[in-house]
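**Q** Knowing the structure of chain A, use the given hints to seat chain B on it.
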Amino acid sequence: GQQLNQSPQSMFIQEGEDVSMNCTSSSIFNTWLWYKQDPGEGPVLLIALYKAGELTSNGRLTAQFGITRKDSFLNISASIPSDVGIYFCAGQLSGTYKYIFGTGTRLKVLA
Amino acid sequence: DTGVSQNPRHKITKRGQNVTFRCDPISEHNRLYWYRQTLGQGPEFLTYFQNEAQLEKSRLLSDRFSAERPKGSFSTLEIQRTEQGDSAMYLCASSLALVGDTQYFGPGTRLTVL
Numbered sequence: 211g212q213q214l215n216q217s218p219q220s221m222f223i224q225e226g227e228d229v230s231m232n233c234t235s236s237s238i239f240n241t242w243l244w245y246k247q248d249p250g251e252g253p254v255l256l257i258a259l260y261k262a263g264e265l266t267s268n269g270r271l272t273a274q275f276g277i278t279r280k281d282s283f284l285n286i287s288a289s290i291p292s293d294v295g296i297y298f299c300a301g302q303l304s305g306t307y308k309y310i311f312g313t314g315t316r317l318k319v320l321a
Numbered sequence: 070d071t072g073v074s075q076n077p078r079h080k081i082t083k084r085g086q087n088v089t090f091r092c093d094p095i096s097e098h099n100r101l102y103w104y105r106q107t108l109g110q111g112p113e114f115l116t117y118f119q120n121e122a123q124l125e126k127s128r129l130l131s132d133r134f135s136a137e138r139p140k141g142s143f144s145t146l147e148i149q150r151t152e153q154g155d156s157a158m159y160l161c162a163s164s165l166a167l168v169g170d171t172q173y174f175g176p177g178t179r180l181t182v183l
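Just so you know, the sequences run in chain order A and B. Going by the numbering used here, the first residue of the first sequence is number 211, and it counts up by one from there. Going by the numbering used here, the first residue of the second sequence is number 70, and it counts up by one from there.
Chain A on its own, in the form it takes in the complex:
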C-alpha cells in the first residue's frame, strides 16, 4: 500500500531534548494530521493542520503544514519519558477523502 516518507525512522534522545520529525511526498495534500500510537492501541490525534503554511501548537508539540502542501513537520520540545511511542503523519490527498499515513517515527527517550 501507499505510504508517505517519514523521517527519521527511529531515534533515541535524552530527556529534555527537542525532537523533530517530518513527512514528505510528491503528492499534494488538503489536510495533515499527526498521531501518536502506543503498542496495541489505536492512534491518538495530536495536531490537525488545514492550510498551507499553518503552524499549530499543542502544549510542547508544534506542527507545520508545508507551504508547497507536500510536506509537514512535527517538533516536540523538552521531551519527557512518556513521549515514548510511534508517531505517524497522515495526509489527505487533494481531491479525495483518502488519508495516506507515513511509515512512522519510533521515539525512545532516555531518562
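In case anyone wonders, no lab produced these hints; they're calculated from the structure. Nothing false has been slipped in among the hints.
Heads up, simulated EDC-like pairs for lysine to aspartate or glutamate below, C-alpha to C-alpha not over 20 angstroms straight-line: (1) Lys-246(A) <-> Asp-170(B); (2) Lys-126(B) <-> Asp-155(B); (3) Lys-308(A) <-> Glu-113(B).
Every value quoted in this text rests on a predicted model; they were computed, and no experiment measured them.
**A** Just chain B, lined up with the frame of chain A:
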C-alpha cells in the same frame, strides 16, 4: 462524548473461517473509515463511508472483504475465508465533515489467523 469503539478487541480464528468486526463511531460523525495496520507499518486505507454510502474502496480490499454501514451509524467489516496474510490490526476512524476532516481512531481489533 464517548470515543470510537471497536469490538472485539482481539480475534483468533482458523484459516478459512469468516470473521466480522464492529465499529461504533463518535455519535453524529458522518464519515467512517476502515484501515489495516501490520506490524511496523502505518495504517493503510481500506474503505470510507459518508453516512450509509460506501464512497471509496482500496485495491487492498479484495472480494473476500466486505464493509457495511446500515443507517449510517455503526459499521461492520467482514472477512470471508480468512488467510494467514489477513492477520493484522483493523482500525476504524470517524470524522465530522465540517471544518477539515479530522479523524479519531478506535482502539482497533487485532486479528490472528492460525
